[in-house]
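A.B. asks: Take a look at the letters that make up each chain.
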Amino acid sequence: MSEQPLLKVTIDNITIEVPAGTTILNAARKIGGEVAPPAMCYYSKLQGSGGKCRTCLVEVSKGSEKDPRPMPKLVASCRTTVMDGMEVKNITSPKVLDARAGVVEFLLINHPLDCPICDQAGECHLQDLSYEHGSEGTRFEFQKRVFKKHDLGPYIQLHMTRCILCYRCVFTADQLTNKREHGVLDRGDHAEIATFIEKNLDNDFIGNVIDVCPVGALTDKTFRFKNRVWFLKPMNAHRDCPNCSGKVTLWNRGDEVFRVTARKDEWGEVENTEDGKTAWICNTCRFDKKKTSDWVIEGPREINRHSVISQGHYAGKIGTTQPKETFTAVHDGRQPKLLMDIHSVSEVNRPNIELSLINGPAHSADFNKKND
Amino acid sequence: MGVKLLLEKAHVEGIRSYEVYRREGGYRSVEKALKTMSPEAIVEEVKKSGLRGRGGAGFPAGMKWSFIAKPEGVPRHLVCNADESEPGTFKDRYLMENIPHLLIEGLIVASFALGSNDTYIYIRGEYAWIVDILEQAIGEARANGFLGKNILGSGFDCEIHVQRGAGAYICGEETALIESLEGKRGNPRIKPPFPAIQGLWMRPTVVNNVETLSAVVPIINMGGEEYAKIGVGKSTGTKLISACGNINKPGVYEIDMTISVEEFIYSDEYCGGIANGKRLKACIPGGSSVPILPANLLLKTAKGETRYMNYESLSDGGFATGTMMGSGGFIVLDEDQCVVKNTYTFARFYRHESCGQCSPCREGTGWMEKLLLRLDKGQGKSSDIDLLWDIQRKIEGNTICPLGDAAAWPVAAAIRHFRDEFEWHVTHPEEAQKRNFGLAHYADPIHVPVG
Chain A
1 MSEQPLLKVT
11 IDNITIEVPA
21 GTTILNAARK
31 IGGEVAPPAM
41 CYYSKLQGSG
51 GKCRTCLVEV
61 SKGSEKDPRP
71 MPKLVASCRT
81 TVMDGMEVKN
91 ITSPKVLDAR
101 AGVVEFLLIN
111 HPLDCPICDQ
121 AGECHLQDLS
131 YEHGSEGTRF
141 EFQKRVFKKH
151 DLGPYIQLHM
161 TRCILCYRCV
171 FTADQLTNKR
181 EHGVLDRGDH
191 AEIATFIEKN
201 LDNDFIGNVI
211 DVCPVGALTD
221 KTFRFKNRVW
231 FLKPMNAHRD
241 CPNCSGKVTL
251 WNRGDEVFRV
261 TARKDEWGEV
271 ENTEDGKTAW
281 ICNTCRFDKK
291 KTSDWVIEGP
301 REINRHSVIS
311 QGHYAGKIGT
321 TQPKETFTAV
331 HDGRQPKLLM
341 DIHSVSEVNR
351 PNIELSLING
361 PAHSADFNKK
371 ND
Chain B
1001 MGVKLLLEKA
1011 HVEGIRSYEV
1021 YRREGGYRSV
1031 EKALKTMSPE
1041 AIVEEVKKSG
1051 LRGRGGAGFP
1061 AGMKWSFIAK
1071 PEGVPRHLVC
1081 NADESEPGTF
1091 KDRYLMENIP
1101 HLLIEGLIVA
1111 SFALGSNDTY
1121 IYIRGEYAWI
1131 VDILEQAIGE
1141 ARANGFLGKN
1151 ILGSGFDCEI
1161 HVQRGAGAYI
1171 CGEETALIES
1181 LEGKRGNPRI
1191 KPPFPAIQGL
1201 WMRPTVVNNV
1211 ETLSAVVPII
1221 NMGGEEYAKI
1231 GVGKSTGTKL
1241 ISACGNINKP
1251 GVYEIDMTIS
1261 VEEFIYSDEY
1271 CGGIANGKRL
1281 KACIPGGSSV
1291 PILPANLLLK
1301 TAKGETRYMN
1311 YESLSDGGFA
1321 TGTMMGSGGF
1331 IVLDEDQCVV
1341 KNTYTFARFY
1351 RHESCGQCSP
1361 CREGTGWMEK
1371 LLLRLDKGQG
1381 KSSDIDLLWD
1391 IQRKIEGNTI
1401 CPLGDAAAWP
1411 VAAAIRHFRD
1421 EFEWHVTHPE
1431 EAQKRNFGLA
1441 HYADPIHVPV
1451 G
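These protein sequences, in sequence, are chains A and B.
Mapping of the first sequence onto the numbering used here: residues 1 to 372, in sequence order.
Mapping of the second sequence onto the numbering used here: residues 1001 to 1451, in sequence order.
Each hint should be verified, as a subset may be incorrect.
[To be verified] As a list, the in silico DSS-like pairs of lysine-lysine whose alpha-carbon atoms are at most 30 angstroms apart:
1. B:K1184 to A:K277
2. A:K144 to B:K1377
3. A:K149 to B:K1370
4. B:K1370 to A:K144
5. B:K1070 to A:K73
6. B:K1381 to A:K95
7. A:K95 to B:K1370
8. A:K148 to B:K1191
9. B:K1191 to A:K66
[Unchecked claim] Label pairs and their calculated CB-CB ranges:
10. B:T1345 to A:T15: 48 to 58 angstroms
11. A:W267 to B:Q1379: 42 to 52 angstroms
12. A:N243 to B:P1193: 53 to 63 angstroms
13. A:E141 to B:M1063: 44 to 54 angstroms
14. B:I1197 to A:W267: 26 to 36 angstroms
15. B:K1234 to A:K66: 42 to 52 angstroms
16. A:K144 to B:E1008: 48 to 58 angstroms
17. B:T1345 to A:E141: 14 to 24 angstroms
18. A:V308 to B:H1161: 36 to 46 angstroms
19. A:M71 to B:E1008: 38 to 48 angstroms
20. B:K1377 to A:D67: 44 to 54 angstroms
21. A:E354 to B:S1382: 29 to 39 angstroms
22. B:G1115 to A:M71: 23 to 33 angstroms
Keep in mind the hints are simulated off the structure, nothing from the lab.
Keep in mind it's a predicted model, so treat the numbers as computed, not measured.
Ideal Cβ placement from N, Cα and C applies to all residues, glycine included.
All chains should be modelled from the sequences, with the hints used to inform the complete structure.
C.D. replies: Okay, structure coming up:
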């Protein structure tokens, strides 16, 4: 194979060399961290995905070495390939951040914001996105849109109100199963994911649409309302499956397996197996094998320690690391010191006053009186 | 009397039939092109003519043709965009209905120039009867040897297929049209790749408007240089304008782009003035998606020069004080019309026609419609106007296809030029339901947040 020339691309002032044909988003993911634009609809394992949600918009301030003109509009980084010498601004561009805040607002105006009862909460990309780029309030003062409910069968629950129409599940069904039975009906803001004639989705690999869904629109009926994801411990496990790779993540609480998902990488996408194929899992593994004895446990799964899922479960490599040293050791012998003594500021909370001695509910006058 | 190239023979008795059209000099350009010219020479001639796309964007047609990729062994396609669905635009319908052979003739020449053996007319679903007219014209052309195998002994084969749309405005966008033509959901594709490289069935494709392709006929007949002499500057040739609204003579007019807007509205040859002796309030000169202009900026540019009916003059001043030629849907509003209601009507249209693929357009158009309805009904707040401005700003330029821009521009322009009318709907909610604001105080530019 001939040597592929590497292209130089600078994203947020960080330069990286990538092979030709790489998209800006994938180049930024190689740098990692905050430089990688958020992606709600792009899914690197699905052909044709991306370009729709507009959260990954970036500014190209220099087209390439040959043609240094900047691109006139913000471009979708997931579908724009890099050129040699291209300069891209993501979080360093106020224009990008403004547009992204706009997109988040648009995505949320009709979203039910029912996170407290949503099974996706804790691993929802829309939550992460609105946490990072959203505003605290809403300017939308109208009724949110609702949809007629569609039953997708015994395994998959569809909440159309939560859907952001990323088309990922449509691509998944197209590329993984031999016959797609659901799709997008209607257009505009009344477009919806549905089967046209109330059909069950019953293909062997259709369960993967749950894994690709960035929000809680498609959730696992066998796991529904059973537990919050952050109370569960993700464990890598495998079994000898005739249909799929059998490499999964079990979500346990104690000995009980609450749900089974594919193994997802740091971008929320299903990982590759050793032979380079995407480790999609079959419905049998996902929905039917809910006993620990069905699986060979490999060990706890690494979860980004900033994720709510990792909180309170593991010490050390995974999860929150508790420092073993004492506080004084960490702070070079300095003792901790409160910046402000509340008692010296507050009229109310004086330690020399015993609340039980006051008749009736305490009033600020009670404190001022004895303030000597 | 202006020059007429397209509609010159449109009113000859029986021009729809091949015999009459041929007697009146039809299909001369096919003979000339196929017998005496090479495909490259035709493209060169169209380039020389300076013909600009008549569908709205005004991109030079010759340039577009020269971009088409020519890989070995891959068929190329020409697609005629007859999905004319812009509110206020009905020029293609008039053309196809009255003189269908002109389009067929233009299509044959253009197909020869581009090497398209299978040429498609993607026609709006609502134009059901025009499909029959076109099918008949195609049948007659084939019977007389202008279509089919080895046309006029040149060795060039060409078939024209008519495909009906299913009533979606978005399928007028060229990549959505191609998707729809392939039998898929009419979602615009993400560009690049452009259709000139990978279009219909991933083959190089050129998509042109009906009027653009019809204009190829006079270009070949009279020569590109001669055609370029008509008109002014980069606005060459003639343009069909479909005038509607509060004017005495609504209809389709062919203009040579040298007349002023004032002449077009008030002269008896064209619109014949404002109906019922009312005064001109505003005008949307290029179909619903171009910015609305108040009367003072419409007749004179911000610099005080006379505004003419051509691409450059109409867009003089950018979006701040200008507008666009667009597709030529000339909508005139008199003093009795409400700009807020008009903007709401457009917003409702765009909400309904958004394909729902990308988030800013899908959610933003619905939001704008709701806000405008509230303002129109006198239930709005003054902060709604700033909110509308912010929403349109966040839609514009951030979507896959131009529908987002098309939805944002009318709202932006209405607020830019008629903010006092919006405010009046807020401050006088009851009065706004009973009477109209009338002429706006648009002589004084009102400050609008930039963005």
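A.B. asks: Hint by hint, which ones does this structure get wrong, listed from lowest number up?
C.D. replies: Violated: hints 8, 12, 15, 18, 21.
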